[in-house]
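Full structure from sequences and hints, please.
Chains as they are written, first to last, in this note's numbering: chain G, 1 to 336; chain D, 1001 to 1618.
Errors might be hidden in some of the hints.
What the hints assert, rightly or not - Here are the in silico distance ranges between beta carbons for each label pair: (1) D:D1507 with G:V321: 25 to 31 Å; (2) D:D1507 with G:D270: 41 to 47 Å; (3) D:D1299 with G:V159: 52 to 58 Å; (4) G:G153 with D:N1440: 55 to 61 Å; (5) D:H1490 with G:A249: 55 to 61 Å; (6) D:E1502 with G:L143: 52 to 58 Å; (7) G:G330 with D:G1030: 23 to 29 Å; (8) G:Q136 with D:L1449: 52 to 58 Å; (9) D:P1069 with G:E305: 15 to 21 Å; (10) G:L143 with D:L1449: 35 to 41 Å; (11) G:D270 with D:D1299: 48 to 54 Å.
What the hints assert, rightly or not - One side only, chain D facing chain G, incomplete, derived with CB under 10 Å: (12) K1102; (13) G1466; (14) F1467.
What the hints assert, rightly or not - Negatives, chain D to chain G, calculated, CB over 10 Å: (15) A1045; (16) R1157; (17) A1163; (18) K1166; (19) D1299; (20) M1304; (21) A1307; (22) G1309; (23) T1339; (24) P1358; (25) L1425; (26) R1470; (27) K1539; (28) P1557; (29) G1563; (30) Q1603.
These are calculated hints, taken from the structure and not from any lab test.
Keep in mind that this is a model prediction, so the values were computed, not measured.
The C-beta atom is built at its ideal place from N, Cα and C for all residues, glycine as well.
Listed below, chain by chain, are the residues.
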Amino acid sequence: MSEDRSAVLSRKDFVSDQEVRWCPGCGDYSILAQTQKVLPSIGIPREKYVFVSGIGCSSRFPYYMNTYGFHTIHGRAPTVATGIKTANPELSVWIVTGDGDGLSIGGNHLLHTIRRNLGVKILLFNNRIYGLTKGQYSPTSELGMRTRSSPMGSVDYPVHPCCFAVAAEGTFVARAIDSDTKHLAMVLERAARHEGTAFVEIYQNCVIFNDGAFDSVTERDDGTVHLVDGEPIVFGTNRGKGIRRKDGALEVVTLGNGVGEKDLLVHREDEPDPGIAFQLARMDAPGFPVALGVFRSVRRPTYEEMVEEQIRRAREEKGPVDLDALLREGECWEIK
Amino acid sequence: MERSTEQPKTRSVPIEEVEQVVIRFAGDSGDGMQLTGSQFTHTSAVIGNDISTLPDYPAEIRAPAGSLPGVSSFQIHFGSTDVQTPGDQPDVLVAMNPAALKVHLPDLSRNARVLVNTDAFTPQNLKKALYESNPLEDGSLADFQVVKIPITTLNARALKESALPKKQLDRCKNFWALGLLYWLYDRPLEPTLDWIRAHFAGRAEIAEANAAALKAGFVYGEVGEVFTTHYKVRKASIEPGVYRKVSGNDALVLGCVAASLLADTPLLYASYPITPASDVLHGLARYKHVGVRTVQSEDEIAAMGIALGAAYAGNLGVTGTSGPGLALKGEMLGLAVMTELPVVVLDIQRAGPSTGLPTKTEQSDLLLGLFGRSGDSPVVVLAPATPADCFAIAIEAFRIAVKYMVPVVVLSDGYLGNGAEPWKLPRAADLPKIDVRHPNDPKGFLPYLRDPTTLARPWAIPGTPGFEHRIGGIEKADKSGNVNYDPANHQLMTELRLRKVEGIADDIPEAAVEGPLRGDLLLLTWGSTYGAVSQAAKKARAMGRSVGHVHLRHLNPFPRNLGDLLRGYEKVLVPENNTGQLRFLIRSRYLVDASGMNKVSGQPFKIREVLAKIEEFI
Ligand code: SF4
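Given below as structure tokens:
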């Protein structure tokens, strides 16, 4: 094995020999392809990648990546990933989850992983449905959605995954969509390079059980807005609309008639107040465009950095370890 | 043992020799009974007595002072012959307040000695202890030898020179009581005086006050004319060596740390706080300098997942919990079975089901440990016999886990976890090495290609070039480890997982018998019942009974010779702190008509209970 294999890696190096078994037309294919395309450019050798997943359609992902992979159990991928990353901080650990896996059965682990700022990437494929179990409403399904388990419409209010991540003090929170592959690749690359938890929600179309879930967003010109760090938030045909923050609330304004870009909210990924990222992440139809891009990107010490620092300090203070001496710590006595 | 020159030398009171004594120190949580007990223990150990101890803390964190739930106690059994339990019944109860008397009186036999601090028997304290009349005056203690001493007053008198405020002086009264007990059982003051000096270094006034209280209590024994005799307990014939006192939880911590060093592999311990296992988390958190990583997880499931992830990444992955937590870990443990990773689970059992009695002991997770997962999912199950044995069992757990690539469940319990005994420190060089192997030739590597002898699969860890592979909870194809739904493959893999665990029986010691190899009765035990049952069997043999005792440290697989041993006796009796879980296994596995002795009161067996049962059986 040569040491510098990473230098010559290509997309093909990340493709495993396993036959991909998602339904034809599933949005998962695009996410897989973009991930395989982005990773060679990051400069991390292939053997240092570990993909960890839970249960659901998305969770087949590790089998298709020619890296280390662990397909765990429903909702628990973050726990196994925490063990891997804490044991070996040099690994690039990716969690692949879905709206049911990550936010329903695994909601607790997702919260705590993000809160700890563990240096892992979390890709949450949001298709607003349970696909693998054949079509029940999920924590992101709209109120009133008719599914096999909600024939008269769901009476559960949905959660916005990126709001959840921001509220959990996420240091990197972003949203992308399977159909916009260039933007998706950009977001994945940003996530790959982030130090700390990188949370990425990916709108993913399930052609079988919830086809067209995001059509209302993608088909209209003013259905989405792309966030660009340091720039005023504009969107729509000919960039004719913008987002303004007034009295603490966001509003959509049409540019012109005395309203210019200078009046708009300038997006800052490192804005100290996470409240604005929360507001942006929560924008939804009707009335607002859905925001795509990086809501928040800040640097703070990661969990594993702090763990390693404590170990380093403890070693410095206590010196080298000898098992015999260690057993004899505390009150000992000798019987002759 | 050289006497301290500081110690009073008068010897007017006659001294009598006794073999074994059980003392229980009891008082309010604020009275320092744990400290008093552990000082008495340390001194007794230093002068060469054999010892065993058991603390009992209130379940409430801050119960009101003087109340019944606020009582804290510490029992020590010391003697010149081998002491294996903290003792059936106290010979002496030291009750620092009415609540302590009320809580512990029912445990005393007639004629036991009760030493009370009369100063604490105020109307207010009597009311808090729900006494309608003063037991010191109403004749209700007629069955006991009551020794009434105004400890608070005498302590204050002894410390009248001190400049400390009265409240602080009063807090020295546990040392006064300790001094009195040192006189009563002829122990030196020096070890405790040393401890006081070290512990209160820089706080000279407090150190002096405590030392003065200790000495005053001792002198009072000599001159106070309360006792007509005092007692001597000879040195036990203990193997020479360096000793320290360990609780089971301390020993598990040290065992984990030792395993990490013996395996030359970092250890990661993930755990969610739970009684009575939290001390293992606290203990391991202090070994960062050994490279130990501790993760306090968000819940029990996460702890299991983190330990498993760490094992996958090449660490010694371990989690600890108590019964309800083990129930939560079941699914993830199933994943560990499927992915065949070397993860260790420590279950410090407590009385269940559900929340049960968190501070009380039980052995009722045996079947949960063996079978508590979906599907056929065999794991190795071990159980320590004594507090100190927790050290060896932790090392054994990792040895098996990494050699066979298999999850191992260790069943300790609250009695072992909190109980303590002297431990002869092993020499590191004498401990078994743990041989960790990671494959290094990627040619021909398959994640489920097994070692022909152990049936272990290779432990290829992330970060190693050329071994990139995927594992998971879906059934694996033999050898390649690919996802596989083929019926014949599932049959094969299920059998392989089972055979692997069964095969470990060739790599563990055969079960040994204490007593005759054939006879009228065999006592079969596992876990913390060892001490009481072993002593009872010994006593029965001394009375001429034909009683053998087999104690199991390996519960899955069982030692190879167990079936043969069981058939050597007329009757088989299985004493357990559950309703018959090992008995159930033995009966079904060996078709032996075993009977049970089942105590589920949250209390360990007493020697005489077992002895009585043996008599009934023969
Ligand atoms: S069910 Fe939906 S999410 Fe699952 S593979 Fe098919 S299209 Fe994709």
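Results of checking the hints against the structure:
Taking 25 to 31 Å as the suggested C-beta distance range, the pair D1507 (chain D) and V321 (chain G) conforms, at roughly 29 Å. A C-beta distance of roughly 57 Å is found between D1507 (chain D) and D270 (chain G), which places it outside the suggested range of 41 to 47 Å. At about 20 Å, the beta-carbon gap between D1299 (chain D) and V159 (chain G) misses the expected band of 52 to 58 Å. For G153 (chain G) and N1440 (chain D), the Cβ-Cβ distance of about 58 Å falls inside the hinted range of 55 to 61 Å, so the restraint holds.
Between H1490 (chain D) and A249 (chain G) the C-beta distance comes to about 58 Å, which sits within the given range of 55 to 61 Å. Evaluation of the 52 to 58 Å hint for E1502 (chain D) and L143 (chain G) yields a pass: the beta carbon distance comes to about 54 Å. G330 (chain G) and G1030 (chain D) have their C-beta atoms about 25 Å apart, which keeps the hinted 23 to 29 Å range intact. At roughly 39 Å, the beta carbons of Q136 (chain G) and L1449 (chain D) sit outside the given window of 52 to 58 Å.
Between P1069 (chain D) and E305 (chain G) the beta carbon distance is about 44 Å. The supplied range of 15 to 21 Å is therefore violated. For L143 (chain G) and L1449 (chain D), the hinted distance range of 35 to 41 Å is not satisfied, since their beta carbons lie about 52 Å from each other. Here the CB-CB span from D270 (chain G) to D1299 (chain D) is close to 32 Å, at odds with the stated 48 to 54 Å. Contact between K1102 (chain D) and chain G, as hinted, is not supported at the beta carbon level, the nearest pair being about 33 Å apart and thus beyond 10 Å.
For G1466 (chain D), the suggested interface contact is upheld, since its CB lies about 5 Å from the closest CB of chain G, less than 10 Å. For F1467 (chain D), the interface hint holds, the least distance from its beta-carbon to any beta-carbon of chain G being 7 Å, beneath 10 Å. At roughly 6 Å from the closest C-beta of chain G, the C-beta of A1045 (chain D) falls inside 10 Å, breaking its exclusion from the interface. Every CB of chain G lies more than 10 Å from the CB of R1157 (chain D), the least distance being 32 Å, so the non-interface label holds.
The claim that A1163 (chain D) lies off the interface holds: its Cβ sits roughly 30 Å from the closest Cβ of chain G, which is beyond the 10 Å cut-off. Every Cβ of chain G is farther than 10 Å from the Cβ of K1166 (chain D); the closest lies at roughly 32 Å, confirming the non-interface assignment. Look at D1299 (chain D): its CB is around 6 Å from the nearest CB on chain G, not clear of 10 Å, so calling it non-interface is violated. For M1304 (chain D), the non-interface assignment is contradicted: its Cβ lies about 7 Å from the closest Cβ of chain G, within the 10 Å cut-off.
Non-interface call for A1307 (chain D) relative to chain G: violated, since the shortest CB-CB distance, roughly 6 Å, does not exceed 10 Å. For G1309 (chain D), the requirement that its beta carbon stay farther than 10 Å from each beta carbon of chain G is not met, with the minimum near 2 Å. At roughly 8 Å, the least C-beta separation between T1339 (chain D) and chain G is not larger than 10 Å, which violates its mark as non-interface. Residue-level check passed: P1358 (chain D) sits 22 Å from the nearest beta carbon of chain G, beyond 10 Å.
Against chain G, the non-interface label of L1425 (chain D) is violated: not every CB pair exceeds 10 Å, the least being about 5 Å. For R1470 (chain D), the requirement that its beta carbon stay farther than 10 Å from each beta carbon of chain G is not met, with the minimum near 4 Å. At the 10 Å boundary, the C-beta of K1539 (chain D) stays outside the reach of chain G, the nearest C-beta of that chain being 26 Å off. At the 10 Å boundary, the C-beta of P1557 (chain D) stays outside the reach of chain G, the nearest C-beta of that chain being 26 Å off.
At roughly 37 Å, the least C-beta separation between G1563 (chain D) and chain G is larger than 10 Å, which holds for a residue marked as non-interface. Distance check for Q1603 (chain D) against chain G: the nearest CB is about 29 Å away, which clears 10 Å, and the non-interface claim stands.
The earlier numbered hints that this structure contradicts are 2, 3, 8, 9, 10, 11, 12, 15, 19, 20, 21, 22, 23, 25, 26.
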